[in-house]
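Student: Residues per chain are reported as follows:
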Amino acid sequence: MTEKIIGKNPLKEWKPRPDLPPPVRDFGLSGWLRKNLFSSAGNTFFTLIGITIIWLTVPPFIQWAVINAAWLGDNRSACDYLLEGEKNGACWVFIKVRLGMFMYGFYPDPERWRVNFALCLLALGALPILTTGLLEKNLRRIVYLIAGAIVCTVFFGPFPGLTAAMFLSAPLLLSFTPLARQIPVRGWNWIFLFTIYPVIAWFLFTGGIFGLPYVDTHQWGGMFLTLVIAGIGIAASLPIGILLALGRRSSMPVTKTLCVCFIELIRGVPLISVLFMASVMLPLLLPEGTHFNKLLRALIGVALFYAAYMAEVVRGGLAAIPKGQYEAAQALGWGYWKMMGLIILPQALRLVIPGIVNTFLGLFKDTTLVAVIGLMDMLGIVKTALADTDWLGFPKEAYVFAALTYWVFCFSMSRYSMSLEKRFRVNRR
Amino acid sequence: MSKLIYNPKFRAWFIQGCVVVILLTLLGMAAYNTSENLSKAGITTGFGFLEETAGFDISLKLISYSRASTYGRAFLVGLLNTLLVSGIGILVSTILGFLIGVARLSPNWLISRMAAVYIEIVRNVPLLLQILFWYIAILNPLPRPRNAMNFMDTFYLCNRGLIMPSPIWKPGIIAAPIALGTAIVVSIILILWAGKHQKKTGKRFPAYWTSFGLLIGLPFIALALADFPIIWEIPVLHGFNFRGGATMLPEFIALCLALSLYTAAFIGENVRAGIMAVDNGQWEAAFALGHRPGATLRLFIIPQAMRVIIPPLTSQHLTLVKNSSLAVVIGYPDIVHVFAGTTLNQTGQAVEIIAVTMLVYLTTSLSISFIMNWYNRKTSIMGA
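As you go down the protein sequences, you meet chains A and B in turn. In terms of this note's numbering, the first sequence has 140 at position 140, counting the first letter as 1, and numbering is strictly consecutive. In terms of this note's numbering, the second sequence has 185 at position 185, counting the first letter as 1, and numbering is strictly consecutive.
Just so you know, these hints were derived from the structure itself, not from any lab. Given the structure is predicted, the values throughout are model-derived calculations rather than measurements. It cannot be assumed that every hint is accurate.
Stated by the list, open to error - So, partial list: chain B residues that the calculated Cβ filter (under 7 Å) puts toward chain A:
#, residue
1, Pro8
2, Lys9
3, Val125
4, Phe133
To be verified - Quick list of simulated restraints, FRET-style, between CB atoms:
#, chain 1, residue 1, chain 2, residue 2, range
5, A, Phe38, B, Trp169, 17 to 23 Å
6, A, Leu265, B, Gln198, 44 to 50 Å
7, B, Gly290, A, Phe38, 22 to 28 Å
8, B, Val236, A, Ser39, 37 to 43 Å
Ideal placement from N, C-alpha and C gives every residue a C-beta, glycine not left out.
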C-alpha cells in the first residue's frame, strides 16, 4: 500500500542507469600521459627536460654503437673507414678479434676448455643450491645430473663428463648412505662446492697431472682471473668475516680488542693501500728468499679486506637476534659453537642476506683494483690490448665492452639478492 | 685437572693467552725479517728521509713546490690534492645524489624512470673502469691544443685539459674576503635568530633566502666599491700550447667526474630510502594543515628523512675519500701516487710510507665517523 503513496516512481521499480564510461581525460593513453607526465606546469617542464636529455644521448649512442659500427670482418682494415672518414662509429671487430684475450688472458688457446669446463661444473653444482623447489625431488635431481653429465661429455669429452657425473651424483648418493644421511642433499651440495670443487678447479686450472699441460698463474687473465679472484675472495671472506664478527661480540677482552682493531683498521683504509701493502710489504715481512705468488698476495689482500666489511654485516645480524634465542640454546646445555652454528648464525645470516650480497658486489667490482699491482684481470687485459700497435685508437669500444660485462654480472647478482630477500621474507611471516 | 679444562673462565684465559703468544711470535718474526731484509738492502729505517730533496716534479700543487723541495713537502702536496678532489667530489655527489634521489620518487614517470636507469647503470660498473673510461676513452682522444674546442675564446677544451682564464688579484681584493666573512657571520646570526623568532611568534622569516642574497651580494658590492680589482688573464694559443690562464688537468677532471657520478648513484638510493622511511601519515598531516607539496617536503619530510639519510650519507663520503686513492691509476698526484708511489720507489722506505699513508686515511675515517656518531646521538629520538 505504501509504495503507491510515494509517488510516480515507487522504490520497487527503480533501476540504476548503466554506468557512464570513464572520462577520456583520465584513462587510456592520453589519460596516462596526463597523469604521469603532464599533470602540472612544473611536471610538463621536467618531462620536456627529460625528453631533451634522452634525445641528446640515446640516438647518438645508437648511431655510434649500432648503425655506424663495424661488425663484420676479422682484421684491422674492417675499421679503417671509421678512423679516416667522418663517420663516428664503434669498431666491434676489435672486440671480436680480442674476445679470447678478454675472457682468458694469456691462457694457452688449446687449454681454454679447462676453464670453460670448471666454470660449467661450478654452474651445474651451484644451480641446485641457488634455485629452490625446482630440483628438490630426487627424480628431478637424477634427471638433472644425467643431463649435466651428457652436456659435459658432448662439449668437453668423455673424461670431463665422467668427472661431472661423479661430482654431481656424489651428494645424492651420500644422502642415501646410513652414516651420511643426517645431512640433507642440500647440505652435501654445499660441502662439495666448498671442499671438492676447489680441488678439481685447481687441478684443472694449473694442470700438470692427468696429462694436462702445466699453466702458470701469470698466464691467467681476463674475465677468468676476475672470476677466480672474486670467487675465492667471496668464499674466504665470508667465513673469516663470521669469525671476526663472533670475536667482536665475544666476552673475552683480548680477542674482542684484536677483532675490533683489525676491523676498524681495515675499514678505515682504501683497498689500494692494502694491496700495496700485500705487494710491497709482505716480501719484507717474510724471511729472505721466500717467493710469494703475486696472485696469492692479491687474494690475501682482497679476502682480508672484505672479511672486515663482512664482519660488520654479520655483526648487524647477530645484534638483531633476540636474547631469548641465546638463552634457549644455553638452557638446552649446548656449548658455544653448537649454539652459534645451529641456532644463532642461521637466523642472523638470513637476516643480513642483502648486506652480504652487497658486500659480494663490492668485492666483485673491486677485483678491478688488482690491475694496479700488475695482475691481468679484465681491466688489466683491456689496457694491454689497447697498447697493441695494430689496434690503436679504440679505447671506447674496449671500455664499453668491459663495462657491459661487469654490468651484466653485477646487475644479475643484485636482482638475485632481491628475489632471495623476498623469498625469505615470505617464509618469515 | 679435568675440572680445570671444563672451567669456562680458565678456558677463556687459556685461549686468549695462546692467541697473544702466537701473535707476538708472528710480530716478532715479521719485525726481525723486516730489519734483516732492510739492512741487506741498505735502507735505514726512520723518518729522516722526509728531510731529503725529492727531485721530482708534481703536475698539480696547491702550495709552492719544486724539484728542490723535500719529501715531506711532497707528502703535503699529495695530501692537499687528495683533500681537494675528495672535497669537490663530496660536494658535487651530494647535490647530484639528492637530486637523483628526489627524482627517483617523482610522480613524473619519465623522470623517475630516468633516475632509476642512471642508478642501475652507474652502480653496477666498477669505479676504476669508469675513471679509466673518462680518462682514456673520453678525455685523451680530445683534439690537440691547436684544434682545441673553443668556448667563446675564453675556455678551451683539449687533451691537455680544460684551459680557462685565471684571475690576477690587485691590492683592493682584500675587501672581498672581508665582505664574505661578514656575510657568513651575519647569516649564521640571522638563521639562529629566525629559529628563535619562529619558536616565539610562530612567524617564519625567510632567513635562508636572505643569507643566500647576503653571501652573493655583499662581496659583489665590496668588489664594486673597490672598482673590481681583478684582471682575468685570458689563455692564448701560442705555438703548440696555451700561454696564460689556468689549466684543469684531464686527470683531475676524469677523477672528479667519475667519483661524483659514481657516488651520486649510491647517495641517490640512500636519499630515496630516507624519504620512503618517513611515514605516509606525515605527508597527509601536512596536507591536512594546508601546506603545499613543496613546503611539506621542505618542512616535514626532509628534516625527518635526514635522520635516516645522514649515517649512510657520511659513510658514502668516507668511501669517496678512500676511493679517491684510485687516482694513482691515471696519474693524478694524490697522496698514494706521490707518496706511496714515487717517494716509495725512490727511497724504498716501504714500512714507514705505507704506515703513514694508511694513518692518514685512518685518521680521516675515524674523525668523520666520530662526528657522525655525535650527530646520531644528537638527532636520535629521545627514549626510542
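Student: Would you mind marking each hint as holding or not holding in the structure?
Tutor: A quick look at each hint next to the structure:
no.	hint	result
1	Pro8	violated, 9 Å
2	Lys9	violated, 10 Å
3	Val125	holds, 5 Å
4	Phe133	holds, 4 Å
5	A:Phe38 with B:Trp169: 17 to 23 Å	violated, 50 Å
6	A:Leu265 with B:Gln198: 44 to 50 Å	holds, 46 Å
7	B:Gly290 with A:Phe38: 22 to 28 Å	holds, 26 Å
8	B:Val236 with A:Ser39: 37 to 43 Å	violated, 52 Å
Violated hints, listed in ascending order, are 1, 2, 5, 8; each of the other numbered hints is respected by the structure.
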